[in-house]
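Below, each chain spelled out in residue letters.
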Amino acid sequence: MTAAVDTQAVLEVSGIRKSFFGVEVLTGIDFDVRPGEVHGLVGENGAGKSTLMKIIAGVQPADEGTVRYRGAEVHHTHPRQAMDDGIVTVFQEFTLLPERTVAQNVYLGREPRRGGFVDRRAMVTRTAELLADLGVSFIDPQARVGSLTVAEQQIVEIVKALSFDARVISMDEPTAALSDREVELLYAIIRRLTSRGVAVIYVSHRLKEIFDLCDRITILKDGALVSTDATADLTTDELVRRMVGRSIQSYFPDAVEGTAVGEPRLELEGCGNAFVDEVSLTLRAGEIVGIAGLQGSGRTELVEGIFGIDPFARGSMRVDGAPARITSARAAVRAGLALVSEDRKAQGLALGQSVLDNSLLVIRSVFSARTSPSRREVPGVLSSLEISSRGLDQEVRFLSGGNQQKVVLAKWLLTQPQIVLFDEPTRGIDVGAKYAVYQLMRDLAAQGKAVLMVSSELPEVIGMSDRILVMHDGELVAELPAGSAEHEILGAATGAIPPHDETTDGGAR
Amino acid sequence: MKRVRIDSTVIVLGILILALIVGAILVATVGRNFFSAGNIRDILTGMSVLGLVAIGQTLVVLGASLDLSVTYVISLSSLLAATIMNGNPGNIPAAVLVTLLVCAGIGLVNGLIVTVLKVNGFIATLGVGLILQGILNTNFEGSAGNVPWEFQLIGATGVGPIPVSTIIMIALAVVVWFLLNRTRTGAHLYAVGGDPDIARLSGVRTRPPLIAAHVLCSVFAGLAGLLLASRLGVGSPTVGQQGGYALLSIAAVVLGGTLLLGGRGSIWGAIGGVAILAVVDSVMSVMQVNPFLKDVVRGVVIVAAVAVYSRRAIVRRRPRFGPGGTRTGGDDATKAAEPEMAAAASELADTSTPAEGGRA
Numbered sequence: 000m001t002a003a004v005d006t007q008a009v010l011e012v013s014g015i016r017k018s019f020f021g022v023e024v025l026t027g028i029d030f031d032v033r034p035g036e037v038h039g040l041v042g043e044n045g046a047g048k049s050t051l052m053k054i055i056a057g058v059q060p061a062d063e064g065t066v067r068y069r070g071a072e073v074h075h076t077h078p079r080q081a082m083d084d085g086i087v088t089v090f091q092e093f094t095l096l097p098e099r100t101v102a103q104n105v106y107l108g109r110e111p112r113r114g115g116f117v118d119r120r121a122m123v124t125r126t127a128e129l130l131a132d133l134g135v136s137f138i139d140p141q142a143r144v145g146s147l148t149v150a151e152q153q154i155v156e157i158v159k160a161l162s163f164d165a166r167v168i169s170m171d172e173p174t175a176a177l178s179d180r181e182v183e184l185l186y187a188i189i190r191r192l193t194s195r196g197v198a199v200i201y202v203s204h205r206l207k208e209i210f211d212l213c214d215r216i217t218i219l220k221d222g223a224l225v226s227t228d229a230t231a232d233l234t235t236d237e238l239v240r241r242m243v244g245r246s247i248q249s250y251f252p253d254a255v256e257g258t259a260v261g262e263p264r265l266e267l268e269g270c271g272n273a274f275v276d277e278v279s280l281t282l283r284a285g286e287i288v289g290i291a292g293l294q295g296s297g298r299t300e301l302v303e304g305i306f307g308i309d310p311f312a313r314g315s316m317r318v319d320g321a322p323a324r325i326t327s328a329r330a331a332v333r334a335g336l337a338l339v340s341e342d343r344k345a346q347g348l349a350l351g352q353s354v355l356d357n358s359l360l361v362i363r364s365v366f367s368a369r370t371s372p373s374r375r376e377v378p379g380v381l382s383s384l385e386i387s388s389r390g391l392d393q394e395v396r397f398l399s400g401g402n403q404q405k406v407v408l409a410k411w412l413l414t415q416p417q418i419v420l421f422d423e424p425t426r427g428i429d430v431g432a433k434y435a436v437y438q439l440m441r442d443l444a445a446q447g448k449a450v451l452m453v454s455s456e457l458p459e460v461i462g463m464s465d466r467i468l469v470m471h472d473g474e475l476v477a478e479l480p481a482g483s484a485e486h487e488i489l490g491a492a493t494g495a496i497p498p499h500d501e502t503t504d505g506g507a508r
Numbered sequence: 000m001k002r003v004r005i006d007s008t009v010i011v012l013g014i015l016i017l018a019l020i021v022g023a024i025l026v027a028t029v030g031r032n033f034f035s036a037g038n039i040r041d042i043l044t045g046m047s048v049l050g051l052v053a054i055g056q057t058l059v060v061l062g063a064s065l066d067l068s069v070t071y072v073i074s075l076s077s078l079l080a081a082t083i084m085n086g087n088p089g090n091i092p093a094a095v096l097v098t099l100l101v102c103a104g105i106g107l108v109n110g111l112i113v114t115v116l117k118v119n120g121f122i123a124t125l126g127v128g129l130i131l132q133g134i135l136n137t138n139f140e141g142s143a144g145n146v147p148w149e150f151q152l153i154g155a156t157g158v159g160p161i162p163v164s165t166i167i168m169i170a171l172a173v174v175v176w177f178l179l180n181r182t183r184t185g186a187h188l189y190a191v192g193g194d195p196d197i198a199r200l201s202g203v204r205t206r207p208p209l210i211a212a213h214v215l216c217s218v219f220a221g222l223a224g225l226l227l228a229s230r231l232g233v234g235s236p237t238v239g240q241q242g243g244y245a246l247l248s249i250a251a252v253v254l255g256g257t258l259l260l261g262g263r264g265s266i267w268g269a270i271g272g273v274a275i276l277a278v279v280d281s282v283m284s285v286m287q288v289n290p291f292l293k294d295v296v297r298g299v300v301i302v303a304a305v306a307v308y309s310r311r312a313i314v315r316r317r318p319r320f321g322p323g324g325t326r327t328g329g330d331d332a333t334k335a336a337e338p339e340m341a342a343a344a345s346e347l348a349d350t351s352t353p354a355e356g357g358r359a
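Order-wise, the sequence lines are chains A and B.
If you count the first sequence from 1, position 362 lands on 361 in numbering that gives the first Met the number 0, and the numbers rise without skipping.
If you count the second sequence from 1, position 286 lands on 285 in numbering that gives the first Met the number 0, and the numbers rise without skipping.
Read the hints as simulated data drawn from the structure, not as lab findings.
Source: prediction; values computed, not measured.
The beta carbon of each residue, even a glycine, is placed where N, CA and C say it ideally should be.
Sample of chain A residues facing chain B (criterion: CB under 10 Å; computed from the structure):
| id | residue |
| --- | --- |
| 1 | Leu107 |
| 2 | Phe116 |
| 3 | Arg119 |
Dumping the calculated BS3-like pairs for lysine-lysine here, alpha-carbon to alpha-carbon at most 30 Å:
| id | chain 1 | residue 1 | chain 2 | residue 2 |
| --- | --- | --- | --- | --- |
| 4 | B | Lys117 | A | Lys53 |
| 5 | A | Lys344 | A | Lys53 |
| 6 | A | Lys53 | A | Lys207 |
| 7 | A | Lys344 | A | Lys207 |
| 8 | B | Lys117 | A | Lys344 |
| 9 | A | Lys220 | A | Lys53 |
Taking the hints into account, I'd like the entire structure generated from these sequences.
Okay, here's the thing in structure tokens:
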């Protein structure tokens with residue numbers, strides 16, 4: 000069944016069990032990875048991938064079971080021990096200090112010394128060598144990390160891992176914040192690593208990447224091992240079915256029966272702020288419009304402009320046919336808008352507050368008179384979204400990503416918005432929760448609401464949108480019909496297809 | 000490709016120069032010379048005590064903590080030194096040593112409370128400060144001890160217009176700058192202050208740097224106390240409180256561009272902050288401004304300077320379009336990186352293909 004049976008596993012875990020507060024999150028997992036292999040680890044959020052990664056990385060100890068590394072049993076009690084041994088983890092949250100330089104970050108905790116003092120020159124040279132080794136010498140080792148793009152920071156993370164002479168690198172959602180082109184670079188780097196015999200454990204929600212990169216795929220569900228197979232023996236459909244017990248056909252729900260496209264609800268005419276310009280679009284009742292574009296093309300800035308966070312300085316906006324001037328988020332909420340923001344932890348939720356408080360966040364601050372009637376609606380809205388929490392008073396930081404996102408949705412649904420803006424609504428959440436988000440969008444459309452969705456995931460844009468708008472370099476450059484091909488969207492998003500008659504962009508490329 | 004960012008130390012220097020120019024003009028209007036040797040000596044003298052405290056405070060603030068106990072440490076230090084010396088020059092080395100050791104001990108207690116008991120630095124040092132104040136009040140009823148003339152020289156002499164105390168302060172600032180930039184402890188202090196979790200995951204032991212910062216902070220407060228004792232000739236149980244050194248040193252540190260949340264800042268910024276406050280003080284005393292108004296001006300300067308920094312910090316994205324829709328060059332970082340990234344990706348793809356074939 001498995002490929003490369005002749006190769007000895009470099010890392011092998013068996014019978015791993017782990018409980019938190021009496022809840023078993025891992026129930027006897029066996030998992031191994033071989034030199035030069037990319038081993039994909041998939042499962043819904045809460046399936047136990049992160050916990051397994053943390054046990055391998057030495058962040059948490061396992062309750063039961065063994066970790067064998069290069070033939071010997073190891074008990075790492077601190078991530079640094081595992082790193083020094085050559086097991087390095089690139090965590091989902093960046094572990095870089097934005098105020099320090101690339102070299103300082105790479106060698107944090109083990110700065111090279113000469114005569115008792117930090118040898119800065121050696122630190123910079125070695126970092127430059129590691130970067131050059133990966134073919135990314137355009138990153139300056141002395142640049143402040145905070146000045147780098149997200150993709151460059153991701154590369155620095157990998158360089159940091161390599162500086163430990165890693166034999167096993169585990170990556171947790173390494174592409175969550177990358178655009179397609181940057182993902183390609185990451186692919187190339189991973190292939191270079193495996194060709195050197197480094198073993199890679201790859202965790203991702205993006206199934207395309209799993210199939211592109213991995214040699215074997217291990218599926219976890221509810222803390223238990225479902226299967227480990229060679230990639231060639233699996234299909235996407237089968238993979239999804241095993242992850243959630245549901246097939247991919249139902250991945251993107253169809254429009255609800257009787258959804259009709261009606262009057263324009265939101266019209267923008269030549270709108271622009273410091274980040275986007277000349278944006279004209281019409282959003283009709285019952286319509287789901289997708290916005291595609293590369294990372295940094297101004298997608299988030301566009302919805303933030305509409306929502307009054309960075310108000311448009313130019314152009315005109317009409318809501319339900321009446322001219323509207325939205326200059327603050329508060330005004331936007333009053334005008335019937337809702338924005339499910341990109342970063343739910345920083346912008347969507349008060350993590351230390353309860354599910355109830357978070358659900359009522361907007362109502363209390365903008366429509367305080369409606370607080371008590373809304374308070375009574377909360378349980379209904381939460382259960383319709385199928386949020387699993389220990390109760391209304393549980394702090395949201397203890398919920399999984401998918402459930403947190405549902406709390407954000409509940410917060411906005413309570414305001415009864417007419418125009419709903421979604422910014423990366425399914426980032427970092429599990430397949431089940433994704434489906435719930437899609438279904439909610441369809442339901443909103445069926446109720447005659449207008450939906451605008453920004454997403455980096457092209458299948459999502461294609462699968463959900465009635466129309467697809469493509470942004471490039473701060474401007475809308477194309478409008479494509481539903482079901483357009485990925486390459487058409489990408490062509491417009493990368494600027495390969497010249498934007499309509501505008502010449503503003505011509506000089507830049 | 001080089002992404003330039005104006006260093007906050009440069010901004011501090013700018014504000015300092017501005018303060019000097021404005022001060023010189025104001026002083027000139029009342030017919031005095033701001034840059035006279037006497038006035039420069041006054042300013043530098045005013046800087047040295049607060050400068051010493053601010054150097055220590057910078058270390059603690061970089062580690063995302065605070066030290067409010069410095070005022071009492073200063074008073075205690077001046078008393079200890081003066082009583083141990085008791086007018087005998089032979090006792091000076093012992094007095095200095097004992098004083099600084101006691102101060103280091105207080106710093107160690109502060110550091111342990113903050114790191115081991117995990118009490119917020121603000122509260123921990125406030126508590127330790129109150130304990131010290133109680134000890135001072137119950138044991139001393141007023142000035143005590145006697146500082147011998149030899150030790151008083153430190154506070155009274157100078158090289159040209161530059162007081163010896165300022166030279167000591169600057170020399171120690173250089174040492175601390177070296178500590179921060181050239182040693183692991185320094186690098187780890189920045190890391191712990193920037194994000195303790197990241198530091199821990201990177202294998203940094205998070206307690207020692209912060210404990211070291213607290214110890215050094217108290218030692219620097221002790222040095223400030225020694226300097227005050229040398230100037231006054233006696234030890235005083237209230238000399239620290241009178242100077243308001245705890246809050247003023249934090250203000251100077253923040254004025255110098257050090258992030259109160261930790262992880263960013265520099266010693267020279269703090270010295271710059273101290274200099275700005277000293278210049279403002281000097282201008283007002285030369286112009287004989289009402290002493291109450293002095294505090295108002297100080298307050299305005301501190302708030303205004305920090306407001307400038309936070310305005311800078313809020314800008315998270317570079318604008319792509321200027322007013323009226325003109326293109327400003329946009330997100331240079333992403334743009335500049337893009338072709339190189341693409342090139343690197345395609346090059347890597349080429350080189351790794353053959354290697355891939357050899358893979359199992």
